[in-house]
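For the record, the sequence lines run as chains A and B. The first sequence maps to residues 1 to 296 in my numbering. The second sequence maps to residues 1001 to 1271 in my numbering.
Where hints are given, some of them may not hold.
[Unchecked claim] Computed cross-link-like contacts, BS3-like style, restricted to lysine-lysine with a CA-CA straight-line distance of at most 27 Å:
| hint | chain 1 | residue 1 | chain 2 | residue 2 |
| --- | --- | --- | --- | --- |
| 1 | A | Lys176 | B | Lys1113 |
| 2 | A | Lys176 | B | Lys1143 |
| 3 | B | Lys1259 | B | Lys1049 |
| 4 | B | Lys1019 | B | Lys1214 |
| 5 | B | Lys1130 | A | Lys176 |
| 6 | B | Lys1119 | A | Lys176 |
| 7 | B | Lys1143 | B | Lys1130 |
| 8 | B | Lys1049 | B | Lys1113 |
Since the hints were made in silico from the structure, they are not lab data.
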Amino acid sequence: MIRRRKLAEALFKALGLFSLALAIGTLALLFGALISEGAGRIDWQFLTSFPSRRATQAGILPALVGSSLIMLVTAVVGIPLGVAAAIYLEEYARRTWLTELIEVTVTNLAGVPSIIFGLLALGLFVYMLGLGTSILTASLTLALLILPVVIVTTREAIRAIPVHIREAAVALGATKWQTVFHHVLPYSATGILTGIILALSRAIGETAPIVTIGALTFIAFLPPAPVTTQPPFISFEWLMSPFTVMPIQMFAWVSRPGEDFAGNAAAAGLVLVCMTLAMNGLAIYVRYRMRKRVSW
Amino acid sequence: MDVMELPHLESPEDRVWPKLLKAETRALSFSYGNRLALKNVSVPIAEYKITALIGPSGCGKSTFLRCFNRMHDLYPGTRYEGEILLHPGSRNILARDVDPIEVRMRLAMVFQKPNPFPKSVYENVAYGLKVRGLTDRRALEEKVEQALRSAALWEEVKDRLSAQATSLSGGQQQRLCMARALATDPELLLLDEPTSALDPIATANIEELLLDLKQRVTILIVTHNMQQAARVSDWTAFMYLGELVEFGLTKQLFTNPSKKQTEDYITGRFG
């Protein structure tokens, strides 16, 4: 009897281990292939050069700058909007059929294919608002894309704050606003941050919506600098500049014939993975720092 | 309903009644959605005395307590009826034009489970004052020390005011919550089974503290522990199924209850 139950346990353990090995193995293989193909290609020249017809002279500078700038603007636009929407839904909105509907819609939006967002952006930002194929358009598109994810994860993080903590604040005479900003948000910051990083990690690898709005695949200049020599010394012209991003650069190289460009693509992929990992690493670090402060 | 039928007016000659009132409820009813949790409860709260609410679980004593600082307003589908008068001023704090925050500024509450904020000891005690707009550091520090002394916690935490409040022991945490409540000089202190999560020694500490505190603040305490009510309170209200069964001097209620139900409960026949 006991032996049979132990057998079942051993079987399950083996099955679990196998699944784990399969997942990790595939990932390791993929990563290994990227490294073996691309690592040799990454050097200072690769990071600081514009694309070129000759694979050995080509680089990812515009894509690197484009991806970074777009991530920045996406975060600046998407995070406050998403967090604010989540706070409103969770703390202020009354439970009515309308909020229920909004809730379901937001959750479903998180599962809508990203190319649909691209189509929306093409119609709305590029044509109707006349923003063109610019960094701003791409950022707004990706901000829309990550909005549902940010909202859902923020709401979950907020909901995890124990009721008795809120009641303690309220009983002391705190207003709802004070309760949210002094307690709810700081204590749920780790969860919110995790959601944000996950969302941004998804956004940085997005290709479909960026292609849809008409991003360039070959670009030989950088956006205008944000700092100028003439007053007022700060320029937002770069927001309206054409751009390319890492995944598109990768795609452009993959679709070229020839071994050399495949190496470039692998190298670009490696850089992209490193950017994502760096973002996740940052999130883990900040989470670790914050968790030390908050506990109950 | 005729006012003369209110329980505390029915037989004035054989019942002792507190003279100086801090607050009183008049025909207070409360419902969660369709469920009536309190029915016509009228209880006086004597000033600078400890009033205990006893009764079996689910009798509505916590619900009653939480009416005083309008805690139920946080949740949808709750409804008050009747009045809670807060003296002086005899303001009905359930009135529509009364902002619940205004009420909460005058009262303070300590909960069943110690619920310090995951912040430092100092920040916990200072929070109520900060909410009220006090920013002067000297004044804050002074108030925090005073409150911690009132809660008999100062000696234990004076060297680690910046330590995490959650690193304190359970009993210390509850006294910290007490200090947090006292820092804002409340007129009425609401205690919702403050010792139910504590061991006997920590419980004894808190009870001693309550006896000290009643010189300065009126206390309304909910407890499921009858011995505790008998030990610390001056007045006791016994509630059952959302209704007030009996109210009287604690000594009288415990030695010579006038209702059969009260007697059954305090002798341990049910509850």
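Results for each hint:
| no. | hint | verdict |
| --- | --- | --- |
| 1 | A:Lys176 with B:Lys1113 | holds (22 Å) |
| 2 | A:Lys176 with B:Lys1143 | holds (25 Å) |
| 3 | B:Lys1259 with B:Lys1049 | holds (24 Å) |
| 4 | B:Lys1019 with B:Lys1214 | holds (16 Å) |
| 5 | B:Lys1130 with A:Lys176 | holds (15 Å) |
| 6 | B:Lys1119 with A:Lys176 | holds (19 Å) |
| 7 | B:Lys1143 with B:Lys1130 | holds (11 Å) |
| 8 | B:Lys1049 with B:Lys1113 | holds (24 Å) |
Every hint, counting from the list given before, is met by this structure.
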